[in-house]
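J.: Each protein sequence line maps, in turn, to chains A and B.
Read in my numbering, the first sequence has 377 at position 366, and its numbers run on one by one without any break.
Read in my numbering, the second sequence has 177 at position 166, and its numbers run on one by one without any break.
In case anyone wonders, no lab produced these hints; they're calculated from the structure.
Any given hint might turn out to be false.
Heads up, the list lumps identical chains together, so a pair's fine if it works in one copy or across two of them.
[What the hints assert, rightly or not] For lysine to aspartate or glutamate, the following EDC-like pairs were computed, each having C-alpha atoms within a straight-line distance of at most 16 Å:
(1) 174 / 152
(2) 429 / 402
(3) 494 / 273
(4) 420 / 199
(5) 494 / 272
(6) 174 / 130
(7) 15 / 401
(8) 309 / 292
(9) 336 / 356
(10) 174 / 126
(11) 164 / 205
(12) 74 / 292
(13) 164 / 199
(14) 260 / 126
(15) 260 / 130
Protein chains: 2
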Amino acid sequence: MTTKDGYLWTPDQGLNTGIPCVGAVRPSQNFDGANCPVVDVIVIGAGYCGLTAARDMCLAGLKVLLLEGRDRIGGRSWSSDIGGYPFEMGGTWIYWGQANVWREIMRYQMHDEIEISQDFREGINQYVQASSHKTQRFSHDEESAIMDSGLRKLFNVDGQLGKRVLPFPHSAEFTSEAVALDQMTAADRISDIEDSLTLNERLGIEAWILVCSGGTLETVSFLELLHWWALSGYSYEGCVNHLARYKFKHGQSAFARKFFEEAVATNNLSYAFNSAVSSVDDTGSLVTVKTRDGQRYKAKRIISTVPLNVLSSVTFNPPLSGGRKTAACVGHNNHIVKVHAEVGDRNLRSYTGISYPQNELFVAFGDGKTPAGNTHIVSFGGQHRHFHPEEDIQVTIKALGSLIPMDIKKIVFHNWSKDEFAKGAWFFPGPGLLSKHLADMRSKQRNIYFSNSDWALGWRSFIDGAIEEGTRAALFVRNDLMKSYSNATSV
Amino acid sequence: MTTKDGYLWTPDQGLNTGIPCVGAVRPSQNFDGANCPVVDVIVIGAGYCGLTAARDMCLAGLKVLLLEGRDRIGGRSWSSDIGGYPFEMGGTWIYWGQANVWREIMRYQMHDEIEISQDFREGINQYVQASSHKTQRFSHDEESAIMDSGLRKLFNVDGQLGKRVLPFPHSAEFTSEAVALDQMTAADRISDIEDSLTLNERLGIEAWILVCSGGTLETVSFLELLHWWALSGYSYEGCVNHLARYKFKHGQSAFARKFFEEAVATNNLSYAFNSAVSSVDDTGSLVTVKTRDGQRYKAKRIISTVPLNVLSSVTFNPPLSGGRKTAACVGHNNHIVKVHAEVGDRNLRSYTGISYPQNELFVAFGDGKTPAGNTHIVSFGGQHRHFHPEEDIQVTIKALGSLIPMDIKKIVFHNWSKDEFAKGAWFFPGPGLLSKHLADMRSKQRNIYFSNSDWALGWRSFIDGAIEEGTRAALFVRNDLMKSYSNATSV
Chain A
12 MTTKDGYLWT
22 PDQGLNTGIP
32 CVGAVRPSQN
42 FDGANCPVVD
52 VIVIGAGYCG
62 LTAARDMCLA
72 GLKVLLLEGR
82 DRIGGRSWSS
92 DIGGYPFEMG
102 GTWIYWGQAN
112 VWREIMRYQM
122 HDEIEISQDF
132 REGINQYVQA
142 SSHKTQRFSH
152 DEESAIMDSG
162 LRKLFNVDGQ
172 LGKRVLPFPH
182 SAEFTSEAVA
192 LDQMTAADRI
202 SDIEDSLTLN
212 ERLGIEAWIL
222 VCSGGTLETV
232 SFLELLHWWA
242 LSGYSYEGCV
252 NHLARYKFKH
262 GQSAFARKFF
272 EEAVATNNLS
282 YAFNSAVSSV
292 DDTGSLVTVK
302 TRDGQRYKAK
312 RIISTVPLNV
322 LSSVTFNPPL
332 SGGRKTAACV
342 GHNNHIVKVH
352 AEVGDRNLRS
362 YTGISYPQNE
372 LFVAFGDGKT
382 PAGNTHIVSF
392 GGQHRHFHPE
402 EDIQVTIKAL
412 GSLIPMDIKK
422 IVFHNWSKDE
432 FAKGAWFFPG
442 PGLLSKHLAD
452 MRSKQRNIYF
462 SNSDWALGWR
472 SFIDGAIEEG
482 TRAALFVRND
492 LMKSYSNATS
502 V
Chain B
12 MTTKDGYLWT
22 PDQGLNTGIP
32 CVGAVRPSQN
42 FDGANCPVVD
52 VIVIGAGYCG
62 LTAARDMCLA
72 GLKVLLLEGR
82 DRIGGRSWSS
92 DIGGYPFEMG
102 GTWIYWGQAN
112 VWREIMRYQM
122 HDEIEISQDF
132 REGINQYVQA
142 SSHKTQRFSH
152 DEESAIMDSG
162 LRKLFNVDGQ
172 LGKRVLPFPH
182 SAEFTSEAVA
192 LDQMTAADRI
202 SDIEDSLTLN
212 ERLGIEAWIL
222 VCSGGTLETV
232 SFLELLHWWA
242 LSGYSYEGCV
252 NHLARYKFKH
262 GQSAFARKFF
272 EEAVATNNLS
282 YAFNSAVSSV
292 DDTGSLVTVK
302 TRDGQRYKAK
312 RIISTVPLNV
322 LSSVTFNPPL
332 SGGRKTAACV
342 GHNNHIVKVH
352 AEVGDRNLRS
362 YTGISYPQNE
372 LFVAFGDGKT
382 PAGNTHIVSF
392 GGQHRHFHPE
402 EDIQVTIKAL
412 GSLIPMDIKK
422 IVFHNWSKDE
432 FAKGAWFFPG
442 PGLLSKHLAD
452 MRSKQRNIYF
462 SNSDWALGWR
472 SFIDGAIEEG
482 TRAALFVRND
492 LMKSYSNATS
502 V
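In isolation and in its complexed conformation, chain A is listed as follows (with noise of 0.2 Å):
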């Protein structure tokens, strides 16, 4: 199966798009178009987020319609696998500290799939730090001890290590000094602590934020950072553990699948892929969904999974609340470039680097060895020299060499930033959005719940805050609708 995203490059075949993922739906609708039945809920969108939903709601007894603009599952995170091996397009890392997502795979038995993402145990095992002047290189132990003491600099707001400031990370209370905090972009932070900083701290810590929130210093909320911190235990080593340790063996689409295939085996799910939705209309006494195809679907309530930055494509009536509102149309600012390359370089898989402020791509790793015995790098581009790498695939390839030399087998990549049911990667706050406008975006609008991994609680932006904002939804309408049910019996 492939599907239509995507981007593959090889020395042979050039450029192409469109590229294989499990979670490919055909055919893409399981009813006939004209006879779909009013259900009782439609999910629109079918990432993490709707397929939990839409999963929960089944597996309750409800009657479902997945409606999704792609033509595959996994939203803003698919795998691709292409020469055997998993190419992570959105979305890789995952963590038994993420409560919602290590549920769903001890639930389904996966705890046996998850390899470690790194290997150090050969190769030239070392961290090359290129920035504008120089290029040094470091023992792994090295940039460790760096990254440790530069982060412990920056997240130690309150002699405390940001425990005092931000003990319960899962709170959507935000305290004067949250507020505070949320006010102040990386760059002011950074700025307050700038004489306490080496240069190779800043070097990485510079780095680490742009890789985290694919936004620049001068853009992002300092607080939403903390916010990952905290989440991660307080510690470079949480961080680690939790963002970029562990991943799928055979690659994530394999998981969201399970979701699905769940949800479809109940009998009680419809879905029609294929079927971007134009407008919802809740002006009567069922809400009407209504597809760029001018197709009609009709339910009690709707699950809209619609992310922040596409929100204000879809026309709903009525309209969006006034914090919602503005909240999708000031969006969150993560346009991280991600691309893929097989190397030929064996003594690779112990690379990682930096090459920052520079470079088009300026963070990088091996993450894994493919079938062929080649490795796998897996590098991301930022905000302060943005690129398109499928405009270009010579830049894009200069900018892989500048990195690191490395001899090029295989180029794959997803261009967030141009996908129009994405507008961007994971979800990262400017300043003030969060604490301005968080509850506003998880409140209910009459018959329709707004649910996305962009306002989940905990681990927003992963797949861990989608399926936790998913699980949310599915509770709130089953009871919902249990409680319209009762009602109307009892009456």
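Based on these hints, arrange chain B on the given structure of chain A.
T.: Positioned in the frame of chain A, the structure of chain B alone reads:
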């Protein structure tokens, strides 16, 4: 509501048994005993494992009968609210890095009902380390440094703090290295490293091992300690976060009730408390469960959540299969004593201490402040000087005072070793048990699914592991019954 469980002592009232619990269920059954229908599934045991299994199956539309020997939900985990303060009788601490329990906390939107157990802001703010020959006082930073250093030595079996030998702590497959570590006792491991340990480190890690395991150094598996360490992210700080930092503000029985009430609300749950199971007969087309009072109940499938140490007291026909029977005979080794004291000494809020090995209660710390303004001290006793705190309350009072002088207003505890439905506290295995019999304990036997935190893959022995196991059992039974229904339909 009160339960028959638990003890409360006050200077005025002396020692009494039977204390308040919001998890007590009255009336004890919700159906006419003579007219219980044949159900899809009988769940034996209303701890977190049974509650999760029952809830998930009820949500999926199955008819479930929940049988429980006690008069309350929660099993080995429950809280007693006395004077407006919840005393946790078994199980206390939870963390967002524990996947299954945190997923439920988020699902029930209880993330704002968490508080931090220790509070070092005022009071004596000391770690008081009393060994048999002297008492020393340290700052909590010094305490952390001693424990961090000691535990790193304890767990650094591979030069990588255990990461190489136990990279995936959820795996049920034991490598030969893991089998060897499972043959090793804590005492064996300490003997290997004793030359490298300072005296303070040795005191600290011995007390830590005993409070984690409820056994003796000579009777507990070193691998299981390493398993806790790995789950905690291979660090002392991770251990603190996961094991003793965060707890429910209002006691965990309020959390357990959420599961129970959600199941009840489906109208698919029948239940009978005070209904200890005496036998399970699986020799016909339906399984018959008999309770001690002579009632018989029939179901298509059984989920037995009977703990390992209690399994032998139920008659199974056919009998328990080989490996499970052996494991049940061997049992686990945790006979921890947990004693709460409410004390007038406000300055002990920031106290932590050990009194080891000479005192019956060998670890204690300030764990909260009661509405009366008193300090809550939680203390633990081990097997090296095992005692039953209700047998001579003066011994208990003296053991508390030997930790540090305290003005005792109230003592609260549950004696898990004498509890016929527990026969010990949380699971902690002797050497060899898990590498030989974990798979046996997890296996299905005809129509009976055995499900308990004792043989969870992740946070075995924790609330988290109970939910993990209940989730697994519910999904298996549901899929199993769906298959048999669809076979029946197609025939």
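J.: Compare the structure with each hint and give your call.
T.: Here's how the hints hold up against the structure:
1. 174 / 152: between (26 Å within a copy, 15 Å between copies)
2. 429 / 402: Result: close within a single copy only, 11 Å intra versus 73 Å inter.
3. 494 / 273: Between copies only: 13 Å across, 26 Å inside.
4. 420 / 199: neither (41 Å within a copy, 51 Å between copies)
5. 494 / 272: Between copies only: 15 Å across chains, 28 Å inside a chain, cut-off 16 Å.
6. 174 / 130: This pair counts as between: shortest inter-copy Cα distance 12 Å, intra-copy 31 Å.
7. 15 / 401: within (15 Å within a copy, 70 Å between copies)
8. 309 / 292: Within. Shortest intra-copy distance 9 Å satisfies the 16 Å Cα cut-off; inter-copy 50 Å does not.
9. 336 / 356: For residue 336 and residue 356, the Cα distance exceeds 16 Å both inside one copy (49 Å) and across copies (54 Å).
10. 174 / 126: between (31 Å within a copy, 13 Å between copies)
11. 164 / 205: within (9 Å within a copy, 35 Å between copies)
12. 74 / 292: neither (20 Å within a copy, 38 Å between copies)
13. 164 / 199: within (14 Å within a copy, 40 Å between copies)
14. 260 / 126: Cα proximity of residue 260 and residue 126: one copy only (5 Å, versus 37 Å across).
15. 260 / 130: within (14 Å within a copy, 42 Å between copies)
The structure fails hints 4, 9 and 12 (numbered hints given earlier, in ascending order).
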